[in-house]
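Protein chains in written order, with the numbering used here: chain E, 1064 to 1463; chain F, 1064 to 1463.
Don't read these hints as lab results, they were simulated from the structure.
Nothing here was measured: the structure is a model prediction, and the numbers come from that model.
The reader is advised that the hints may include incorrect statements.
[What the hints assert, rightly or not] List time: in silico SDA-like cross-link candidates among lysine to any residue, alpha-carbon distance up to 25 Å:
no., chain 1, residue 1, chain 2, residue 2
1, F, K1113, E, A1158
2, E, K1113, F, R1380
3, F, K1261, E, R1271
4, F, K1220, E, A1158
5, E, K1220, F, F1155
2 protein chains.
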Amino acid sequence: MLFSRSVLRPPLDELDRLMREHAIDAVVVPLHETMHSAFRWMTRGANLTKGFAVRVAGRETLLIAYPMERDEAAASGLSWRGVADFDHDGIFRDAPDPPIAYGRFFDRILHDLHSGPRISIEGHAPLPLYLGIAHELEKLGWSVVRHAEDLIQLARKRKSDWEIAQIRSVGERTEQVIDGVREILRSRAGDLTIGDIKRFISAGIVRRGMIEDHETIVAQGRDAGVPHSRGDASAPFRESVPLVIDIFPADRATGYFFDLTRTFCVGPVPDELRRIHADVLDAFEKARDAMKPGTPASSYQTLVCNLFEARGYPTTRSNPGTTAGYVHALGHGVGLDLHERPSFSLAATNDDLVEVDDVLTIEPGLYFPDLDLGVRIEDTFVVREGGVETLCRGRYDLAP
Amino acid sequence: MLFSRSVLRPPLDELDRLMREHAIDAVVVPLHETMHSAFRWMTRGANLTKGFAVRVAGRETLLIAYPMERDEAAASGLSWRGVADFDHDGIFRDAPDPPIAYGRFFDRILHDLHSGPRISIEGHAPLPLYLGIAHELEKLGWSVVRHAEDLIQLARKRKSDWEIAQIRSVGERTEQVIDGVREILRSRAGDLTIGDIKRFISAGIVRRGMIEDHETIVAQGRDAGVPHSRGDASAPFRESVPLVIDIFPADRATGYFFDLTRTFCVGPVPDELRRIHADVLDAFEKARDAMKPGTPASSYQTLVCNLFEARGYPTTRSNPGTTAGYVHALGHGVGLDLHERPSFSLAATNDDLVEVDDVLTIEPGLYFPDLDLGVRIEDTFVVREGGVETLCRGRYDLAP
């Protein structure tokens, strides 16, 4: 779980820049049992169950830990201090309720670290508690900013070389799992249920040092026509209908995700499926070949909507609310969350750019659940100066 | 991931009671990528990546899902509606930023469901966004309560029979993993590193349909003397020092945790270790035999502090800040979070009772890192009318 100090230097610089831009004096990232990407990133994967990362502008990140977890705090390589340094027990003994106690505790920490008054509390944490804590901090004179999203989420958008190497490694292992799926589809498709394929994938993910944080999509026929349908484990595998496998494991140690989709068909391929697959692949290749850094991510959603609409397919742009045709965004960033920035949404508020060192998916699809059909093709890419570089092996054909 | 409708009836009744008691008109539980116990519990494990569970007083929980995940929403067995029913796309197209968009979207949902004005937003969700959403909802006339903790966390405290059965099943599989550890410690301790034991445990957890959400503690000697030290994987296993194994897997499908600790010693057992182990076991048995429903959980922390202090050990009650002796709380609730209510803390604000159908750990320990020593013994129990019933097999001796 340990990140080396050097490798996260560039994104932490980016956080400092964002803090200056947004006039934030300190970022506080709490962890309460449920690990989340902001804490993992800020602490380089510190293996705690509860604790607080605090970054005051112009200073190193400080990790604040409970005494039982002092070894894990030290192993993070970060500067760290125990909660006792900030009178945790005294504050919690005297405060009338937890939000007031945490408010006073954070007040004490921020004072001791000489933070300015504007602070941002970030990451995923228990809401009623933190609504109360923010209120208490404001009573104590701090200004808790309410903005659209974590600065950390923005800072995490462009990846360091080390992060790209981690994601590439998850990708290679993911391809190995898919190689295995191709093999069983070629050799014994007639004997398989969807559940067999799911179990084969789960075992392959675990064996390669990864976790299946979200259940893999193994969806055939009508289910393949509903993008996030996980598929019916009890159904026997069927020939001549599409099988969409959308797989998104994360490395067990570092937490970095990968995301890849292939659509297979065993047996005679219906003409309609062949045509739809060719159109999806065309959209995939055109978006991939067009994508350049410094351009709006939404422009590639526009590109693919234009392409599909010109060929007579409905899209959610042309037919809001449609569940047939092209019904989702072209892709998303990938990192410590499966879905992160940039966003490819056409919403007016989305001004995300595709930038060098973004890691992102391109994943057009066409869906016709009433026709027993759905096709999606997805690679994960890293954005370079000249365009996007796939982290996948290619081979997009329907034959496994 | 599917819970049957009937089995969660009692705790949802408890949530309704708590909503009345706290005069809450609606509870909103958002999910943004990072799964958390409140959403899992409210939706019976709905397999979404993003969505909202809304419970208006006196009504069934409504799940609100995005169109791509409509199959998974339907599979939850809950009432569900798509985001389009609440003009999601129109609202997000017109709003100037995400907090305002979500604020208007929740406003629309709550109006449509005829909710009263006092609402609680619960669970783990992105903080800056939800601080902004709460602010926006208040501008729109809603009162967003800031209280110490999720009502859902309170409602989850006492477990249904179905939940107890799930936890018992995780416990049986956890015992099987520990059986295997005993076996390799007996047969080939001389060849093992701590990392070998960790890998053996990880494989055993996965093979039995469980996940290792937090890294198992396999800590010997000095590391065993630091309660949450995960242990040094590269170190060879040593004889005549304690090996603390604290294992807390969760069922892969349902998310319920189990928690168990055993302390082993291979080879000649030093007198000091034998004495400390006997004292920990005595504290464990006395707390276990004394525990009755309807009593304050903190009273058992007092009981164990009294016992250890009478035998000359420092505790964090007698010596605040000590890292030697008895340095943590006696136990904690276990469920969809590894650590949940009741709390055994001596803090004045802790008035948690031990109640019938609580599932909780009892886990006294004594720690002397400077003496290369630490001992902890832990079972998970269910509270019955007459006392606590262990969900473990027993066998607490140092010999594996």
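Each hint tested on the structure:
1. For the proposed pair K1113 (chain F) and A1158 (chain E), the alpha carbon gap of about 36 Å is over 25 Å, so the pair is violated.
2. For the given pair, K1113 (chain E) sits about 21 Å from R1380 (chain F) by alpha-carbon distance, which is consistent with the 25 Å threshold.
3. A hinted pair counts as satisfied when its Cα atoms are at most 25 Å apart, and K1261 (chain F) with R1271 (chain E) qualifies at roughly 16 Å.
4. Restraint check for K1220 (chain F) and A1158 (chain E): the C-alpha separation of about 24 Å stays at or below 25 Å, so the hint holds.
5. Taken as a hint, the K1220 (chain E) and F1155 (chain F) pair is honoured in the structure, with Cα atoms around 22 Å apart against an allowance of 25 Å.
Violated hint: 1 only; the structure is consistent with all others.
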